[in-house]
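Novice: Chain order of the listed sequences is A and B.
Position 137, counted from 1, in the first sequence is what our numbering calls 137; the numbers after and before it change by one each time, with no gaps.
So the mapping is simple: our numbering equals the position in the second sequence, first residue as 1, plus 1000.
In case anyone wonders, no lab produced these hints; they're calculated from the structure.
Where a beta carbon is used, it is the ideal one built from N, C-alpha and C, also for glycine.
Please note that the accuracy of each hint is not assured.
Under 7 Å between C-beta atoms, here's a sample of chain B residues computed to sit facing chain A [claimed, not checked]: (1) G1018; (2) H1023; (3) L1043; (4) D1055; (5) S1056; (6) M1063; (7) L1091.
Cβ-Cβ distance ranges computed for the label pairs, FRET-style [what the hints assert, rightly or not]: (8) A/E6 to B/E1030: 39 to 49 Å; (9) B/C1007 to A/R136: 40 to 50 Å; (10) A/S30 to B/R1072: 17 to 27 Å; (11) A/G128 to B/L1040: 29 to 39 Å; (12) B/A1034 to A/A102: 47 to 57 Å; (13) B/L1043 to A/F72: 28 to 38 Å; (14) B/T1038 to A/K129: 45 to 55 Å; (15) A/K59 to B/S1008: 37 to 47 Å; (16) B/C1007 to A/K129: 28 to 38 Å; (17) B/R1004 to A/D119: 36 to 46 Å.
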Amino acid sequence: MKSKNEFKMTLDGRSSNESFARVAVAAFVSQLDPTIEELSDIKTAVSEAVTNCIVHAYKEKIGPIFITVKLFGEGLVRIKIRDKGCGIPDVKKAMEPLYTTAGGERAGLGFAVMESFMDKIHVHSTVGKGTTVSFRKQLSLRSADD
Amino acid sequence: MSVRIECSGEAVTAYLDGEIDHHTAKGIREEIDAAVNTNLPTLLILDFRDVTFMDSSGIGLVMGRYKLLSPRGGELHITNTSPQIFKVMKLAGLNRLAVIDKGGRRVEIKK
Ligand SMILES: Nc1ncnc2c1ncn2[C@@H]1O[C@H](COP(=O)(O)OP(=O)(O)OP(=O)(O)O)[C@@H](O)[C@H]1O
Ligand SMILES: [Mg+2]
């Protein structure tokens, strides 16, 4: 299926960009007239994936984060967030709730949040090469007459 | 993001303002912990009325404050959560660690 509208950006993996990344994606998706809840679900999932690139993939370094948002007909949204960081050795394990390699104050719930707030999530990762997280969300498409 | 702390008797209330993510969590944590360590409250109230966004970094923040309070018998209350914030907290099961109310209405009671 061909997307009707597409937005791409590359930004530095600095923690000060976390807010910008989620707001930029939400602003682009807004043209489909999502509900407030759908929009905050998307913002939250994007924030989780972008934060993981910064905290886990690049750790002490600053690397690029690649974000692609595609809007399809009938309110379908696809988002990809990619890094060229350390990769995840065992994706299945990494996605288990409460699993974290960071310790400290990380809850290990980022993937659980992404899974529950988006319709579908797919994680592709190669150790030493990087990680791509893909989301899919179907918006409810309210009638346009209000 | 900013934090305003109020102390009264045994309670410390932290009024959080802005967005809670990985970028802002550290500063919030330091301010709350400084107040907790000086006042040794039996009750810590985190007031979310002016919090406009929270992700799993906020979950870590709440869990961490629970771990700080609970060894000395302190309790954690969370008040005035917006629907987005309540959804994130509920998913994380924070209602099992703290009393959470959504804008004045108490919905979960700590055992
Ligand atoms: N982009 C990534 N690159 C490398 N490792 C990652 C990446 N994303 C996640 N991980 C690994 O997967 C684990 C789980 O991620 P998840 O987001 O669920 O929890 P967390 O980031 O550790 O904690 P939280 O998100 O609750 O603050 C991480 O601890 C890390 O080991
Ligand atoms: Mg995470």
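Novice: Now look at each hint and say whether the structure bears it out.
Specialist: Against the structure, the hints:
no.	hint	result
1	G1018	violated, 10 Å
2	H1023	holds, 4 Å
3	L1043	violated, 21 Å
4	D1055	holds, 4 Å
5	S1056	holds, 5 Å
6	M1063	holds, 6 Å
7	L1091	holds, 6 Å
8	A/E6 to B/E1030: 39 to 49 Å	holds, 41 Å
9	B/C1007 to A/R136: 40 to 50 Å	holds, 47 Å
10	A/S30 to B/R1072: 17 to 27 Å	violated, 46 Å
11	A/G128 to B/L1040: 29 to 39 Å	violated, 48 Å
12	B/A1034 to A/A102: 47 to 57 Å	violated, 23 Å
13	B/L1043 to A/F72: 28 to 38 Å	violated, 50 Å
14	B/T1038 to A/K129: 45 to 55 Å	holds, 48 Å
15	A/K59 to B/S1008: 37 to 47 Å	holds, 42 Å
16	B/C1007 to A/K129: 28 to 38 Å	violated, 51 Å
17	B/R1004 to A/D119: 36 to 46 Å	holds, 39 Å
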